[in-house]
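Here the structure of chain A is known, so what remains is to put chain B in place on it, guided by the hints.
Chains as they are written, first to last, in our numbering: chain A, 1 to 601; chain B, 1001 to 1140.
By construction, these hints were calculated from the structure, which means they are not laboratory data. Some hints here could point you the wrong way.
[As the list claims (entries may be wrong)] Label pairs and their in silico Cβ distance ranges:
no.	chain 1	residue 1	chain 2	residue 2	range
1	A	Glu544	B	Pro1116	34 to 40 Å
2	B	Glu1002	A	Pro315	38 to 44 Å
3	A	Lys96	B	Glu1002	38 to 44 Å
4	B	Glu1060	A	Pro41	56 to 62 Å
5	A	Val572	B	Pro1116	36 to 42 Å
6	B	Glu1060	A	Met1	53 to 59 Å
7	A	Arg293	B	Asp1125	47 to 53 Å
8	A	Val3	B	Glu1119	32 to 38 Å
9	B	Asp1017	A	Asp184	28 to 34 Å
[What the hints assert, rightly or not] Calculated pairs, PhoX-like style, for lysine-lysine (alpha carbon to alpha carbon, straight line, at most 20 Å):
no.	chain 1	residue 1	chain 2	residue 2
10	A	Lys162	A	Lys96
11	B	Lys1100	A	Lys516
12	A	Lys342	A	Lys600
13	B	Lys1069	A	Lys141
14	A	Lys466	A	Lys486
15	A	Lys541	A	Lys529
16	A	Lys412	A	Lys371
17	A	Lys104	A	Lys165
18	B	Lys1104	A	Lys516
Just so you know, even glycine gets a beta-carbon here, dropped at the ideal spot from N, CA and C.
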Amino acid sequence: MQVIAATGCGIITNQGAYPDPRGEGKAYYRQIALYDDKFIPQFAKIAALIHENGGVAIQQILHAGRYGGIDLGYCVQPSEIPQTLPHFRPPREMSKAEIRLTVKEHAAAARRSIQAGFDGVEVTSFMGYFMANFLSKFTNKRTDEYGGPVEKRARFMVEIIKEIKEAIGDRPLCLRLNGAELMDEFGGNTEEECLEMIRIAVETGGVDMISLVVGWQESRISSIGRDVKPGHWNYLAKNAKKVTGNVPIAFGVRLPDAAMADELIAGGVIDFFEICRPLLADPQRLHKYAAGREAEIKPCIGCLLCLSRLFRDLPYLCTSNPVLGHEVELGAEPEEAPLKKKVAVIGSGPAGLECAITAAQRGHAVIVLEKEDQIGGQLRLMAEHDLANKEDLFDLLRYYRAMLGKLGVEVKLNAAVGPNFRKLYPDVDAVVLATGAKISTDYPLAGGQVADGLDVLRGKTQAGEKVAVLGGGKVGLYIAENLAGKGKQVMIIESEQHLAGDVMPTAKWRHISLVKNLGIEAFTGARIKEICEAGVLIIYKNNETVLVEADTVISSRRDADSSLLDTLEFAVDELHCIGDAVKPRGLYQAIHEGYRLGAKL
Amino acid sequence: MELAKKANGLWRSWIEDNMALFAGLSSSAQIGFLAKDVFENQGGSALILRPNQAALPLIEEVGFTGFRKLPVDIIFVAPSAVLESLSSDNAPGKEGSFYKLIRKREIIFFTLASPPELEEKNYADFLESIGLGHIGTCAG
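Same shape as in the complex, but just chain A (with noise of 0.2 Å):
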């Protein structure tokens, strides 16, 4: 909370608490509460640490209705309408009684936010919560003074509203409103419908801040990832601002770049810029940005590994960023190494870069030697090959340019690291193995060959028309989807039962509709037997032979390409492994053994 309270916001809005003892509102475990009392001390302190920094703070009230129960094995609607995700509990409709006591109950929970010294309160309906679910017409079908047309849909929120401004008096009051809701399919809200809405709040007087969010959970729609350019839902705050008069639009959704978010404001078309994953990935943002250091902000890359582990009752964690919720046991900064070193980092994929910055923040001497003519590892190879937004990944490796520029670490180009280390070297004192993955070739040969998918993505070795790709994992999905997006017919051989394995829950359905729309055949929970002239046979249902035809056969199979690691044994004081070296893995992975090898030297 100390690294959220110093990030240099001016509101600072605190994560959602459930307003009810019964927990229906309880969207996720670890969820803050704010149904009695006893809590107040706590929310007290929290309201403290904003203002000692400067900023205005804002307790958000938080019942997720439908997503809501996590510990119950049910949920509470304003109608019983099944949900769409399998990970949500059973509706039950509420009934009039317990409608009003739930108004009562937001109303209490928001006189407690400012009894903790809070400036303000904001209710959310975003993403399908409690609010939501009136104002929709998808999960509200009732047929009494809380359902029907527009302006008794709006009722709940209407009674919220009152409830609230008569609990806190003049205090700010945020609602948090969908622009869109991106359920057209399930018969949800129409934007016209949601800007309705929004005017009726405004009209109803006491709301002193809209902000605007997009989509519900279960939405089929990506509204916040990779795949969605940012920007894309700034013609919402347009519409928007339309209706709210003087009260102002607080807006962030999909909105990473805070020199977008100055020309909306000043062009009118928002009040405030709301932000909250780039922030996770560089708490320091706002200040970098502030004293001119945009080059040194950590991009977020719209991976959504924060969300993903959240919504499996995970505490979320970031890519970029390794310290967030470690912040205790690494500090919230690289803390000055006791002892200056002269650090060799072998490889520039992000494991290394990540590790070198780090080491150099704490004084040490850094060099990087890159075997490559250009920095970047897998992370540029993919970043080039992206089939989403390759802005996000390319946004980390320029980072990674600055900071080494920055802290003024060595990088050594087309320096293939070899036995002769000692000799080149001599006053190294640790070497920081940073090689990466290398692609195995290793198959039963029957007449056929096999080609590196990575000198392929590289355009060392270029494919023919017909292509089986060995390994449907996220680098042969990668190899796959791009050469069937150049039109050649693909096929994906892997041995699992489903594509995909080892990639982050948030992007496996980008890649399963890749496959699906570019006609990628996929072989799944195939045994090779060997690869032949004519392509490669494999052990497939019913323990069948089958022959799948291609001209060209790709591995994808990575891994750990450690050899240095022998050679370098007993010539170095110090050696470390880190990243796919070890094993590989992921971005996320590689980032953060980077940087924690880099925090420790």
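What follows is chain B alone, placed relative to chain A:
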């Protein structure tokens, strides 16, 4: 009524062609298939698939008066026109077409069972194979 009958016929044909998809479900798993207008009007008939229950009909047509009374774990709903495109798709593996139609939001899905019930009945692999294992605005 005619439309619903036609939709049920199309669903039945698709189910019969894709029984392999349901092979891993437990013996107590039951899945509902409906035409969109039947679902919306809460009237007409639905199909119930019991893929692994030897004692009961594999596919049974039952009256539909609302999802609460339908004894199933999950429901698929689609308009007849979409079902026609599903059954006329000659692409290899109709599972792919089904997946695409779910992604395109033309076939919609509801779950009536709780997460533990779905787990107990081995739905995880099935839901993943049709793209419903990892879906949602934050997951795409």
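Against the structure, the hints:
1. The hint said 34 to 40 Å for the Cβ distance between Glu544/A and Pro1116/B, and at roughly 37 Å that hint holds.
2. Checked against the given bound of 38 to 44 Å, the beta carbons of Glu1002/B and Pro315/A, roughly 54 Å apart, lie outside it.
3. Here the CB-CB span from Lys96/A to Glu1002/B is close to 41 Å, well matched to the stated 38 to 44 Å.
4. Between Glu1060/B and Pro41/A the beta carbon distance is about 59 Å. The supplied range of 56 to 62 Å therefore holds.
5. Between Val572/A and Pro1116/B the beta carbons are some 53 Å apart, a value that contradicts the proposed interval 36 to 42 Å.
6. The hinted window of 53 to 59 Å between Glu1060/B and Met1/A holds, with their beta carbons roughly 56 Å apart.
7. Taken as a hint, the range 47 to 53 Å holds for the pair Arg293/A and Asp1125/B, whose Cβ atoms sit roughly 49 Å apart.
8. Between Val3/A and Glu1119/B the C-beta distance comes to about 37 Å, which sits within the given range of 32 to 38 Å.
9. Checked against the hint of 28 to 34 Å, the C-beta distance between Asp1017/B and Asp184/A comes to roughly 29 Å, which is consistent with it.
10. As the CA atoms of Lys162/A and Lys96/A are separated by approximately 17 Å, the hinted pair is consistent with the 20 Å bound.
11. Between Lys1100/B and Lys516/A the alpha-carbon distance is near 7 Å, which keeps this suggested pair within the 20 Å criterion.
12. A hinted pair counts as satisfied when its Cα atoms are at most 20 Å apart, and Lys342/A with Lys600/A qualifies at roughly 14 Å.
13. Of the pairs offered as hints, the one joining Lys1069/B and Lys141/A holds, with about 18 Å between alpha carbons and a cut-off of 20 Å not exceeded.
14. For a cut-off of 20 Å, the pair hint linking Lys466/A to Lys486/A stands: about 12 Å separates their Cα positions.
15. About 13 Å separates the Cα atoms of Lys541/A and Lys529/A, which keeps this hinted pair within 20 Å; it holds.
16. The suggested pairing of Lys412/A with Lys371/A holds, with an alpha-carbon distance near 8 Å, which does not exceed 20 Å.
17. Between Lys104/A and Lys165/A, the direct Cα distance comes to roughly 12 Å. Compliance with the 20 Å bound is thereby established for this hinted pair.
18. A distance of roughly 12 Å separates the Cα atoms of Lys1104/B and Lys516/A; the hinted pair therefore holds under the 20 Å criterion.
The earlier numbered hints that this structure contradicts are 2 and 5.
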